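Number of protein chains: 2
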Amino acid sequence: MEKVKIGLLGYGVVGSSVYRLLTKERVRILEGTGVDLEVTRIAEMDTTKHGADAPASLFTTDGSAVVEDPSIDVVVELFGGVDAAFELISCALRNGKNVVTANKQLLANRGAALFELAREKGRQIRFEASVGGAIPIIKVMRESMFAAELHTVYGIVNGTTNYILTAMLRGEGDYAATLARAQELGYAEADPTADVNGADAAAKMAILASIAFHSRVTLQDVTFEGIASIQPEDIAYARDLGFVIKLVGSARLLDEQVNVRVAPTLVPAGHPLAGINGSYNAVLLVGHAIDEIMLSGPGAGGLQTSTAVISDIVSIVSTKTTGFMQNCSCYRALPLLAEEEMRSAFFIRVRVEDRPGVLAQLASIFGERDVSIESLIQKGHGDQAELVLITHPSPEKDFRAALEAIAGLSSVRSRPMTIRVLG
Amino acid sequence: MEKVKIGLLGYGVVGSSVYRLLTKERVRILEGTGVDLEVTRIAEMDTTKHGADAPASLFTTDGSAVVEDPSIDVVVELFGGVDAAFELISCALRNGKNVVTANKQLLANRGAALFELAREKGRQIRFEASVGGAIPIIKVMRESMFAAELHTVYGIVNGTTNYILTAMLRGEGDYAATLARAQELGYAEADPTADVNGADAAAKMAILASIAFHSRVTLQDVTFEGIASIQPEDIAYARDLGFVIKLVGSARLLDEQVNVRVAPTLVPAGHPLAGINGSYNAVLLVGHAIDEIMLSGPGAGGLQTSTAVISDIVSIVSTKTTGFMQNCSCYRALPLLAEEEMRSAFFIRVRVEDRPGVLAQLASIFGERDVSIESLIQKGHGDQAELVLITHPSPEKDFRAALEAIAGLSSVRSRPMTIRVLG
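Residue numbers (our numbering), protein chains in the order written: chain A, 1 to 423; chain B, 1 to 423.
Please keep in mind that the hints were generated in silico from the structure rather than gathered at the bench.
Accuracy of the hints is not assured; some may be wrong.
Intra- or inter-copy, both count: the list cannot distinguish identical chains.
Stated by the list, open to error - In silico SDA-like pairs for lysine to any residue, Cα to Cα no more than 25 Å straight-line: (1) Lys24 x Tyr331; (2) Lys24 x Asp255; (3) Lys24 x Glu292; (4) Lys139 x His214; (5) Lys320 x Asn95; (6) Lys320 x Asp291; (7) Lys121 x Pro335; (8) Lys3 x Arg94; (9) Lys3 x His214; (10) Lys24 x Asp291; (11) Lys24 x Leu254; (12) Lys397 x Pro335.
Because the structure is a prediction, the values reported are computed rather than measured.
The following block holds chain A by itself, in its conformation from the complex:
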């Protein structure tokens, strides 16, 4: 029997759930793995939480008391934030401890430095809970895809926006109404900015891209857009054309260059991502040798996320720390592929004057830039018409140039709404 002493940094929703689940499952984990996991120290600033479920004697308000405690084997960082967490984790690694963290902002901004320190010290840093809640996507990418030749990783990695888009699709209201409902039900935070503007998904995609392509991708490398501008009519037109709108993150490796982005995207109704509803997440791994593998499941929740933390602890205990695990990540710097070099298909919705020749005008502008139109809906609204187009894939710079020319036409009466089409 191996005894493993665990120090928790943070005792909020996930931290307290890790404590309770470890306590409840301790005997079963010991029986199944031969490892006895025990939380022996907890750092939590909020003293009102001290003594909740766990004995008051375990608590301290001082994170460094945990990372400096020589008896602790594994430090679980759940404080969040970037700089203070970076210092604490660095200190833990320097003190020879292995680290589990759920901190996506930290990893997306300063992950490479931590991976390098872990490698130097022969220690592991694991972070399953940082992306996709209970879905074991990090472990699968790090440990099962050696021969997969991954070139694309994409999916739905933010539960709040997926909840809102699913509710809008079901006709439960517009963006503002469904966001308010998501907040009531706990699927969105009081300040939902980072979720709805795509920044949360962007941080997760930076982590997934780093692991998938063994490269250093940071949050600054990721282009992102949110869902606040999506109107119920976009969702309705998309449905009429055979699509649902999802906030899709994608990471692509093209000719040894990387492109990572997050954007609202039209997904064909028959595509596996179209069926991922509510707060669920899904990630697809695409590679020559595996075709396409999808993992889906609950993307958040204290209990769900805590199962990922516990799996990480058991994985640490059972993995040789020969530098192998550390080496898995981020050993090469790949250049970024600029957005305008990518090929994409687009959905466009725009109001125009309802008179002869306007459609011909738009079509000829697209034609001049070699952007061809795949499908079209036109609906009259008094003296105006709403035009909805889907283009075939074309270089984004050509599409953008055509769009600018169209927006400048006198017959065009609204700023064109554009949404990418999955491809």
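Fit chain B to the known structure of chain A by using the hints.
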């Protein structure tokens, strides 16, 4: 750098693909993991394959020459069959080698003894390729679900039958025609018996149930039915009622008893399994602490399966052989839960005389057994009518008793066709 010498038993589709992929990716795997993987010995009975891609000097026709070779670290068993493979793997483990196998029949019949021997010898036996091709379902279940409290594992684990059912759903022909097409395209074998009668899926479900519930489940413990009796009209009626028909394997833990079975099953059109088409496989893991996690991907294919073998080799090299990995499996004996104790909903299609009172007769027989009817379609065919019913879930023994009574009615003109409904 760690050098790992690999012996292959079998050089068919998967074996030769493992060799080629390892050779192609050797430098990249070394770069990423610090491990140099080299195939140094290959046993293959068919001497016409000797020297194909790999140097002729590596080949032997004698499997024991591989498992007795003291320089070999990992033996990869791809011979198939039960008894001879059991002897070779046992010998490899006794000689201190770690083992990778894709042999589902062996594991479903004699897995527990091999796991026990591996534990005794402090060696690992891994078998990702035995279930779900490239999908890392075994690793996820063994290493990421410690705190998940899994109680149900279900899904589509046979690509041949899923290909046939998908083709039937798309109106490409009846069972015989789509099977013939699947054989032409290589999705079904010349002798498709084990695939289409459910035995292949049953072996895989025995393995998944063993790992999920840490229990000894063998092929004999699994009830299975195949798809040969599914008619195009069953598929059409199911679609009208909002379902697709899939061959679903399920393993359930109910009150510390296990039920494992494989049967054609009506899956609601909005369920994630309904979207798994062609030869793809999908497995859902359900547990209190994780809700529901799904993994899907290609269920077969030489290249896809060989990525699973290579992942297993890398996992072996990077895992401590403290007995931990071995202990993950099969440390308890759980009693079987009899089929008739389960509750299920059913689809029934039956021809009856088209005269007043027949429907009332059927309905009252179901009513007497407390089996209630959820939906009903009746279609006239001359002096007969086709009745299609879906019941609410009820104890299977009550449903079976009602069905027997109905089959005995003089007004009933066909043997009732019954298909389970997912629930």
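### Message
To test your reading of the hints: which numbers does this structure violate?
### Response
Numbers 6, 7, in rising order.
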